[in-house]
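Trainee: The letter at position 266 of the sequence shown is residue 266 when you use the UniProt record's numbering, and the numbering goes up by one with no holes.
Honestly, the hints are just simulated from the structure, not real lab data. Hints may be right or wrong, so weigh each one.
To be verified - Think about it this way: if two alpha-carbon atoms lie no more than 20 angstroms apart in a straight line, the pair counts; the simulated SDA-like pairs of lysine to any residue are: (1) LYS201 - ASP108; (2) LYS201 - MET221; (3) LYS201 - LEU172; (4) LYS201 - ILE217; (5) LYS201 - GLU214; (6) LYS201 - GLY189; (7) LYS201 - LEU218; (8) LYS201 - VAL234; (9) LYS201 - GLN219; (10) LYS201 - ASP231; (11) LYS201 - GLU215; (12) LYS201 - GLU191; (13) LYS201 - ASP213; (14) LYS201 - LEU188; (15) LYS201 - ARG330; (16) LYS201 - PHE181; (17) LYS201 - ASP187; (18) LYS201 - LEU331; (19) LYS201 - GLU212; (20) LYS201 - SER182; (21) LYS201 - ASP220.
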Amino acid sequence: MNVKRWVALVVAVAVVGISLMFNLFATIVSADFDQAFEGAGLDDPFREEVMEQGSDGRIAVIELDGVIQDMGQESAFMAAGYNHQQLLDMLDNAMEDPTVDGIVLEVDSPGGGLIESEEIHDKIVEAQETYEKTVYSSMGGMAASGGYYVSAPADYISAHPSTLTGSIGVVLSGGIGGLNFSELLEDLGVEDNTITTGPYKDILSGTREMEEDEEEILQDMADEMLDEFVDVIVEGRDMPEDTVRDLADGRIYTGNQALDNGLIDGLGGLDDTVETMQEDLGLESPQVVRYQPDLGGFGSLFGAGIEQFTDNSNELSELVGLLQQENSPRLMYLYEQ
Numbered sequence: 001m002n003v004k005r006w007v008a009l010v011v012a013v014a015v016v017g018i019s020l021m022f023n024l025f026a027t028i029v030s031a032d033f034d035q036a037f038e039g040a041g042l043d044d045p046f047r048e049e050v051m052e053q054g055s056d057g058r059i060a061v062i063e064l065d066g067v068i069q070d071m072g073q074e075s076a077f078m079a080a081g082y083n084h085q086q087l088l089d090m091l092d093n094a095m096e097d098p099t100v101d102g103i104v105l106e107v108d109s110p111g112g113g114l115i116e117s118e119e120i121h122d123k124i125v126e127a128q129e130t131y132e133k134t135v136y137s138s139m140g141g142m143a144a145s146g147g148y149y150v151s152a153p154a155d156y157i158s159a160h161p162s163t164l165t166g167s168i169g170v171v172l173s174g175g176i177g178g179l180n181f182s183e184l185l186e187d188l189g190v191e192d193n194t195i196t197t198g199p200y201k202d203i204l205s206g207t208r209e210m211e212e213d214e215e216e217i218l219q220d221m222a223d224e225m226l227d228e229f230v231d232v233i234v235e236g237r238d239m240p241e242d243t244v245r246d247l248a249d250g251r252i253y254t255g256n257q258a259l260d261n262g263l264i265d266g267l268g269g270l271d272d273t274v275e276t277m278q279e280d281l282g283l284e285s286p287q288v289v290r291y292q293p294d295l296g297g298f299g300s301l302f303g304a305g306i307e308q309f310t311d312n313s314n315e316l317s318e319l320v321g322l323l324q325q326e327n328s329p330r331l332m333y334l335y336e337q
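I would like the entire structure built from these sequences, with the hints used as guidance.
Mentor: In structure tokens, the structure reads:
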């Protein structure tokens, strides 16, 4: 590798090391810190922000922003960002709250993990069937792949004309598993001495060429998950399976194209979606609240402090998140640019 590559590698390793060090420090300190502030509201997972005052019913807005992936404990660098468990808790709270008449899921996401997307989908279905809540989806700049998967069961889906959605399909993604760098290793004089107990134990290894039967195995897995994606749309949108499969070739659609193809119900922003829900539910003047992440204790306070002294906090958070992802490949409902 040239000098620039070595420098980039050293910087990346340093960032991960610093992040892990701060996480360890936050873990040790946060228990006592949070206990000291218990009862002051700092340990609440989220809070309600009133968007519109009203007295006739309530509408809860829940934001889904970012890659749908459960990263476990939040990094000390990340004062904000997608928090999977927190989103599920918000959905639980909204569906179980008897004062909430409707839920609007505000989606701006390229998708993410299969399991995480399925968990959100199931929560929405539970809210509809068990708690008889009306659920709408309002798409932002992007609601692709898993972002559309979680929107599919909604009673009404809206998008901006320029929203990027669709990307119905599955990709085997994550880490370095999809790359073949065997020739590079050979040029560097590096030899792979991996020992396996079966011919497929090191499937998708980056140190050798993929065999045809291995490609068939992985393709069968992806096709199986695509079938599930198609079923979700068929059921959620009440569309013929043949129509859905014609649309499920991985391409993205604008909001206008999605409307023409029956993937969404209308065009507009969040305010339009809330207004549509208000009219459909027959509410004269409902209170509209947005669920917002609360301070959440030491880790988030520490991350917020870092943001005040870091000009490129968003870029840093994204880099740390990327570097902390699992190196093993995984099937995902994800639109990859």
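Trainee: With reference to the structure, classify each hint as holding or not holding.
Mentor: Hints and how they fare:
1. Taking the CA atoms of LYS201 and ASP108, the gap is near 37 angstroms; set against the 20 angstroms cutoff, the hint is violated.
2. Taking the CA atoms of LYS201 and MET221, the gap is near 16 angstroms; set against the 20 angstroms cutoff, the hint holds.
3. Taking the CA atoms of LYS201 and LEU172, the gap is near 17 angstroms; set against the 20 angstroms cutoff, the hint holds.
4. For the given pair, LYS201 sits about 12 angstroms from ILE217 by alpha-carbon distance, which is consistent with the 20 angstroms threshold.
5. For the hint linking LYS201 to GLU214, the alpha-carbon distance of about 10 angstroms falls within 20 angstroms, and the restraint holds.
6. At roughly 24 angstroms between alpha-carbon atoms, LYS201 and GLY189 are farther apart than 20 angstroms, so this suggested pair is violated.
7. Of the pairs offered as hints, the one joining LYS201 and LEU218 holds, with about 13 angstroms between alpha carbons and a cut-off of 20 angstroms not exceeded.
8. This hinted pair does not check out: LYS201 and VAL234 have alpha carbons roughly 36 angstroms apart, beyond 20 angstroms.
9. Restraint check: the Cα-Cα separation between LYS201 and GLN219 comes to about 17 angstroms, which is no more than 20 angstroms; the hinted pair holds.
10. For the suggested pair LYS201 and ASP231, the alpha carbons sit about 31 angstroms apart, so the restraint of at most 20 angstroms is broken.
11. About 14 angstroms separates the Cα atoms of LYS201 and GLU215, which keeps this hinted pair within 20 angstroms; it holds.
12. Using a Cα cut-off of 20 angstroms, the hinted pair LYS201 and GLU191 holds, with the two alpha carbons roughly 18 angstroms apart.
13. Simply put, LYS201 and ASP213 have alpha-carbon atoms about 13 angstroms apart, close enough for the 20 angstroms limit, and the pair holds.
14. The hinted pair formed by LYS201 and LEU188 fails the criterion: a straight-line CA distance of about 25 angstroms is larger than 20 angstroms.
15. For the proposed pair LYS201 and ARG330, the alpha carbon gap of about 15 angstroms is at most 20 angstroms, so the pair holds.
16. In summary, the hint linking LYS201 to PHE181 is supported, as the alpha carbons are separated by about 18 angstroms, within the 20 angstroms threshold.
17. Our distance criterion of 20 angstroms between C-alpha atoms is broken by LYS201 and ASP187, whose separation comes to about 25 angstroms.
18. Of the supplied pair hints, the one linking LYS201 and LEU331 holds, its CA atoms being roughly 17 angstroms apart against a limit of 20 angstroms.
19. Restraint check: the Cα-Cα separation between LYS201 and GLU212 comes to about 15 angstroms, which is no more than 20 angstroms; the hinted pair holds.
20. Between the alpha carbons of LYS201 and SER182 the distance comes to roughly 17 angstroms, so the proposed pair stays at or under 20 angstroms and holds.
21. Between LYS201 and ASP220 the alpha-carbon distance is near 17 angstroms, which keeps this suggested pair within the 20 angstroms criterion.
Comparing the model with each numbered hint stated earlier shows that hints 1, 6, 8, 10, 14, 17 do not hold.
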